[in-house]
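Peer 1: Here's the letter readout for the chains.
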Amino acid sequence: MGKLTIGCFASLVGSLNLDFAVKLAEAAVEKGHKVDFWVSGNGTMLSITDQRSFKDYSYLQERVKNLISKGVTFTACEACAEARGYHKENTMEGFKRHSMDWYLASTFDADRVLHIGGE
Amino acid sequence: MATKRLGFIVQRPPYKSENPKLAITHAIATQTVEIYLEEGDLVTADIAFIGDGVLNCVKNQKSMDHYGITSTEQHLKNALLLDLNILICKEDLERFGLSEDDVVLDAEEFGAETKAKVVPFSEISKMMEEVNHLLFF
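First to last, the protein sequences are chains L and B. Heads up, the first sequence is in the numbering used here, so the first residue is 1 and it goes up one at a time. Heads up, the second sequence is in the numbering used here, so the first residue is 1 and it goes up one at a time.
Treat the hints loosely; a few may be bogus.
[Stated by the list, open to error] One side only, chain L facing chain B, incomplete, derived with CB under 10 Å:
| hint | residue |
| --- | --- |
| 1 | Tyr57 |
| 2 | Ser58 |
| 3 | Ala79 |
| 4 | Cys80 |
| 5 | Gly85 |
| 6 | Tyr86 |
| 7 | Glu89 |
| 8 | Met100 |
| 9 | Tyr103 |
| 10 | Leu104 |
| 11 | Ser106 |
| 12 | Thr107 |
| 13 | Asp109 |
| 14 | Val113 |
[Claimed, not checked] Cβ-Cβ distance ranges computed for the label pairs, FRET-style:
| hint | chain 1 | residue 1 | chain 2 | residue 2 | range |
| --- | --- | --- | --- | --- | --- |
| 15 | L | Glu82 | B | Glu123 | 35 to 41 Å |
| 16 | B | Asp102 | L | Ala79 | 27 to 33 Å |
| 17 | B | Met1 | L | His33 | 24 to 30 Å |
| 18 | B | Lys126 | L | Met1 | 37 to 43 Å |
| 19 | L | Thr49 | B | Ser99 | 24 to 30 Å |
| 20 | B | Asn60 | L | Arg112 | 49 to 55 Å |
| 21 | L | Asp111 | B | Lys126 | 22 to 28 Å |
| 22 | B | Glu129 | L | His33 | 23 to 29 Å |
| 23 | L | Gly71 | B | Asp102 | 29 to 35 Å |
| 24 | B | Thr114 | L | Gly14 | 52 to 58 Å |
| 25 | B | Ser99 | L | Glu82 | 35 to 41 Å |
Read the hints as simulated data drawn from the structure, not as lab findings. Treat the numbers as computed from the prediction; the structure is a model and nothing was measured. From the three backbone atoms N, C-alpha and C, an ideal C-beta is built for every residue, glycine too.
Next comes chain L alone, as it looks inside the complex (with noise of 0.2 Å):
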C-alpha cells in the first residue's frame, strides 16, 4: 500500500476543496494506503474544535475526528492558525499543528503529493 500527502489551503467554508479533500483521505484510507493531511492559510479552520453543523456549510469535525481515529495524521500549519486567532487551545484534539517543514518532510516518502486548492 501507499503513501498519500494531501495539502489543503481551502478554508472549512467558502468552497468544497477541503470536502473534497477529506473525502479523498476517506478514499485512500478504505483502500488500505496511508494519509498525511496538511492545512494551511485558510486551511487551517479545519483544525478548530466545536464546530457546530448547519445544512448550510461545510462540516467535517465528525469525519477529522473519524480519519484521526483511522491513523490520518492531521497537522495544521502552525503560524497560519496562530494568525487567525485559532490556538492550541482550541484546536480538534488529535489535529497536530507544526510549522510549514512538516509538509515538505511528508511528501520526502509520500507516493503521490496532491495539493488541493486555496481561494
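Guided by the hints, dock chain B onto chain L, whose structure is given.
Peer 2: Same frame as chain L, but now just chain B:
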C-alpha cells in the same frame, strides 16, 4: 540518503489570494526540513512563476507601506538568499508588457549570490518533468 525535489508552480497574481506567498514560504521551509528526516535525506524546491503568477515578481512592491505586511518581493529575495531556483516565464511576462528590467532577479543587497531566471516556458516545463512532485498555487 536521498533527495526529493518539489516543484512549486505559482499561477495566481499577488495579494488577490494568499497562495503565492504560501508557495514561497513553503518552498523556503525546505531549509529546515532536515529536522524531520533521516541524516543525509533532503527535500529541495524549485519555484516557477507562470501565467498571472509572474506579477508576483514585479519590483518595488509597497505592501508594507499600504497594508503593513511583508511583500511578495521580500519573500522572493529571501528565497534567493537561500539559493532556491526561481524561474519566471518569459512569454507570460511579455504578455503583460513586462521585461527582465521590471522583475526581481536578485537580492544583492542581502548578499544573495543566486539570481532568478527569466526563461521560456519550455524550460519551466522541463523542470516540471524532472521534479518528484508538483504543487500548484
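Peer 1: Any CB of chain B closer than 10 Å to the CB of aspartate 109 of chain L?
Peer 2: 8 Å, holds
Peer 1: For the hint on serine 106 of chain L, does the least C-beta distance to chain B fall short of 10 Å?
Peer 2: 8 Å, holds
Peer 1: So, as I understand it, the hint says tyrosine 103 of chain L touches chain B; can you test that by seeing if any CB pair is closer than 10 Å?
Peer 2: It holds, given that the least Cβ distance between tyrosine 103 of chain L and chain B is near 7 Å, below 10 Å.
Peer 1: Grab the minimum C-beta distance from valine 113 of chain L to chain B and call the hint holds if it beats 10 Å, violated otherwise.
Peer 2: 4 Å, holds
Peer 1: May I ask you to test the interface hint for leucine 104 of chain L with respect to chain B, counting a Cβ-Cβ separation under 10 Å as satisfied?
Peer 2: 5 Å, holds
Peer 1: Take the C-beta atom of glutamate 82 of chain L and the C-beta atom of glutamate 123 of chain B, compute their distance, and say whether it sits inside 35 to 41 Å.
Peer 2: 38 Å, holds
Peer 1: Do the beta carbons of glycine 71 of chain L and aspartate 102 of chain B sit within 29 to 35 Å of each other?
Peer 2: 49 Å, violated
Peer 1: Cysteine 80 of chain L was flagged as interface toward chain B. Is the shortest Cβ-Cβ separation under 10 Å?
Peer 2: 8 Å, holds
Peer 1: Does the interface hint hold: is glutamate 89 of chain L within less than 10 Å of chain B, judged Cβ to Cβ?
Peer 2: 24 Å, violated
Peer 1: I want to verify a distance hint. Is the separation of the beta carbons of threonine 114 of chain B and glycine 14 of chain L within 52 to 58 Å?
Peer 2: 37 Å, violated
Peer 1: Do the numbers back the hint for tyrosine 86 of chain L, that is, is its least Cβ distance to chain B under 10 Å?
Peer 2: At 15 Å from the nearest chain B Cβ, tyrosine 86 of chain L fails the 10 Å test, so the hint is violated.
Peer 1: Evaluate the given range 23 to 29 Å for the C-beta pair formed by glutamate 129 of chain B and histidine 33 of chain L.
Peer 2: 25 Å, holds
Hints 1, 2, 5, 6, 7, 18, 19, 20, 23, 24 from the earlier list are contradicted by this structure; the remaining hints agree with it.
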